[in-house]
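Taken in sequence, the protein lines are chains A and B. Going by numbering that gives the first Met the number 0, the letters in the first sequence line up with residues 0 to 297, in that order. Going by numbering that gives the first Met the number 0, the letters in the second sequence line up with residues 0 to 330, in that order.
These are calculated hints, taken from the structure and not from any lab test. Ideal Cβ positions, reconstructed from N, Cα and C, are used throughout, including at glycine. Accuracy of the hints is not assured; some may be wrong.
Stated by the list, open to error - Below, simulated BS3-like cross-link-like pairs (lysine-lysine); rule was C-alpha separation at most 25 Å, straight line:
| no. | chain 1 | residue 1 | chain 2 | residue 2 |
| --- | --- | --- | --- | --- |
| 1 | B | Lys-122 | B | Lys-112 |
| 2 | B | Lys-143 | B | Lys-122 |
| 3 | B | Lys-143 | A | Lys-126 |
| 4 | A | Lys-126 | A | Lys-295 |
| 5 | A | Lys-126 | B | Lys-273 |
| 6 | B | Lys-112 | B | Lys-143 |
What the hints assert, rightly or not - Computed spacing ranges between beta-carbons, pair by pair:
| no. | chain 1 | residue 1 | chain 2 | residue 2 | range |
| --- | --- | --- | --- | --- | --- |
| 7 | B | Val-26 | A | Phe-215 | 49 to 59 Å |
| 8 | B | Val-26 | A | Tyr-83 | 56 to 66 Å |
| 9 | B | Ala-229 | A | Phe-215 | 26 to 36 Å |
| 10 | A | Met-66 | B | Glu-241 | 50 to 60 Å |
| 11 | B | Pro-119 | A | Gly-45 | 50 to 60 Å |
| 12 | A | Val-46 | B | Pro-119 | 12 to 22 Å |
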Amino acid sequence: MSPLTKLTTARRAGDTGPGTVPAAEPTAPTPPSGQRLGLRERVSWGVSDALAVTQRNLIAYTRIPEMMVFSSIQPIMFVLLFRYVLGGAIHPVGYTYVGYLMPGIFVQTVCFGAMSTGIGLAEDLGKGLIERFRSLPMARSAVLAGRTTADLCRNVFVVLLMTVVGVAVGFRSGTGFFPFMAGVFLLLAFAYALSWGSALIGLSARNAETAQAMAFPLLFPLTFASSAFAPVNSMPGWLQVFVRNQPVTIVIDACRHLMVLAGPDAHDAGSPLKALAWIIGMLAVFCPLAVRKYRKIA
Amino acid sequence: MTATSEGIPNPGAAIVASGLVKRFGDVPALDGIDLAVAPGTVFGLLGPNGAGKTTTVRILTTILRPDAGEARVLGHDVVREPEVVRNSIGLAGQYAAVDENLTGAENLRMVGKLTHLPRPLIKERSVELLERFELAHAANRPVKTYSGGMRRRLDLAASLVHRPAVLFLDEPTTGLDPRSRSELWAVIEDLVADGTTVLLTTQYLEEADRLADQLAVVDHGRIIAQGTPAELKAGLGSTVIEIGMPGEGSSLMALQALAPLGVQPPTLDGTTVKLTVADGPSVLLDALRVLDTEGIAPTGVTLREPSLDDVFLALTGHAAVTGSLVDGSAA
């Protein structure tokens with residue numbers, strides 16, 4: 000039996016009836032012609048499209064568990080390295096070293112994790128998936144919204160994991176449930192804003208390797224020249240100016256303030272409002288730029 | 000819609016384009032493309048890499064905006080009403096745009112959701128399409144385990160989930176082995192039998208000949224010839240005879256001796272004489288007789304269907320390969 004006959008038979012069996020021309024009947028519940036969509040439909044489709052893309056990206060993460068495992072190993076090694084190898088030589092005022100360290104580790108982890116947003120988008124572009132999405136009657140925003148939402152879900156898991164690791168190496172919050180959760184919220188919001196920045200990089204880079212190569216030199220100084228691992232007043236004066244005023248330090252200090260019970264003379268704890276302002280500012284810049292880039296790529 | 004037919008010929012056509020122009024920087028990718036595709040027919044865009052085929056498809060599928068000209072799909076302007084156009088089109092590309100980490104069934108269900116089909120219908124269509132494209136056995140396997148032919152079939156299936164009335168196939172079989180290619184051809188023929196309008200791009204004359212009702216040959220962003228495959232091939236002669244010669248002298252002699260036999264002057268490629276003829280087998284006998292009379296013994300004889308290169312040589316005087324080198328960046 001030739002493939003042609005087989006296929007034809009299968010097709011006929013699926014037909015709705017004799018003489019129908021299914022291909023010519025628009026079966027999607029969309030306005031038949033010309034008619035513009037109402038705002039409510041637009042919003043509800045925008046949300047359901049974004050959820051469909053989120054689901055797709057989350058399924059993909061579960062299909063490559065090795066990626067999840069390896070991307071978790073690196074921050075765990077950082078915890079062990081600083082807690083047990085280097086930490087003994089670092090004495091922040093007002094904190095145990097593990098208490099000082101963990102907010103820094105949280106923020107560093109979500110910073111490097113944010114790279115996956117851009118890398119994933121660059122891969123989708125390279126494989127022609129974005130091209131398909133652009134030919135579908137789906138919301139324009141869904142690809143970016145779905146990808147960043149999936150990465151937000153991933154970050155919830157990552158923060159949970161790092162909290163468990165922190166507790167295992169002796170981290171105790173002491174500020175109570177709600178302040179700690181406020182810290183977690185700030186952390187996730189920062190991660191979400193970074194995802195949009197990463198999306199912008201990924202869409203500009205257009206392939207995964209370039210996206211990674213572009214993001215790394217930005218993230219490395221921001222996460223290490225920060226208050227993550229060592230007290231800022233131990234650094235040279237000119238560096239302190241940069242460190243104190245860059246967003247990663249500001250978010251780390253806010254998380255430290257919310258998540259760690261410190262002594263009265265403690266340094267490097269900061270205002271959550273200032274961190275929130277940075278996060279909102281980053282979203283206000285990155286979201287429109289990323290959406291514009293997405294619309295323009297062809 | 001006010002000006003449905005203004006400036007556009009053939010308002011009843013499923014796909015119409017007039018004067019499409021697109022530049023990438025200084026490189027003109029499209030230099031005034033006009034075409035009209037009747038509903039329920041297959042229109043083939045034939046041309047080498049970089050001729051402007053993919054750019055045309057991307058404009059017609061609303062992915063790219065033209066710099067000039069206009070295009071309509073089922074009467075809707077691709078620039079002004081892209082959302083309406085997207086509802087009625089499907090696109091399957093040469094890069095098999097499916098998600099490798101999802102299973103075949105998950106890929107189809109995702110497209111179903113993104114085209115806003117009701118939930119039960121998504122499930123029904125996915126199952127039906129997977130069966131129809133002989134992917135049911137692999138429905139729950141991640142696509143990264145699929146062969147090239149399977150991916151391409153899934154890509155085509157994904158473009159059909161919402162049953163588009165107009166289907167765009169951008170080099171659907173490029174890079175496939177002959178068996179997968181003929182399987183895919185059968186599937187496409189089956190779709191057309193159901194009434195779908197298809198615009199197909201291809202580098203293979205054989206593919207265009209088998210599938211297309213109307214053909215347009217594209218070169219350097221322009222349509223250089225249009226007609227049915229039979230008309231185009233009649234202009235070319237339908238068969239090419241290639242006769243290998245032992246040396247330069249004998250090949251030049253043969254070139255002269257064989258000139259009266261072809262529908263156009265024979266050409267020389269190294270020491271191989273290429274003769275385009277209307278009736279292959281009988282002219283082949285004549286050709287061998289002529290050579291025998293001249294006392295020339297050929298080293299090899301091949302009879303074949305004309306290739307895209309032959310079409311290009313006949314229409315433009317340059318080979319298709321040259322076109323792709325000059326114009327490759329404009330793909």
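Hint check:
no., hint, verdict
1, B/Lys-122 to B/Lys-112, "10 Å, holds"
2, B/Lys-143 to B/Lys-122, "22 Å, holds"
3, B/Lys-143 to A/Lys-126, "13 Å, holds"
4, A/Lys-126 to A/Lys-295, "18 Å, holds"
5, A/Lys-126 to B/Lys-273, "40 Å, violated"
6, B/Lys-112 to B/Lys-143, "22 Å, holds"
7, B/Val-26 to A/Phe-215: 49 to 59 Å, "33 Å, violated"
8, B/Val-26 to A/Tyr-83: 56 to 66 Å, "59 Å, holds"
9, B/Ala-229 to A/Phe-215: 26 to 36 Å, "59 Å, violated"
10, A/Met-66 to B/Glu-241: 50 to 60 Å, "53 Å, holds"
11, B/Pro-119 to A/Gly-45: 50 to 60 Å, "23 Å, violated"
12, A/Val-46 to B/Pro-119: 12 to 22 Å, "21 Å, holds"
The earlier numbered hints that this structure contradicts are 5, 7, 9, 11.
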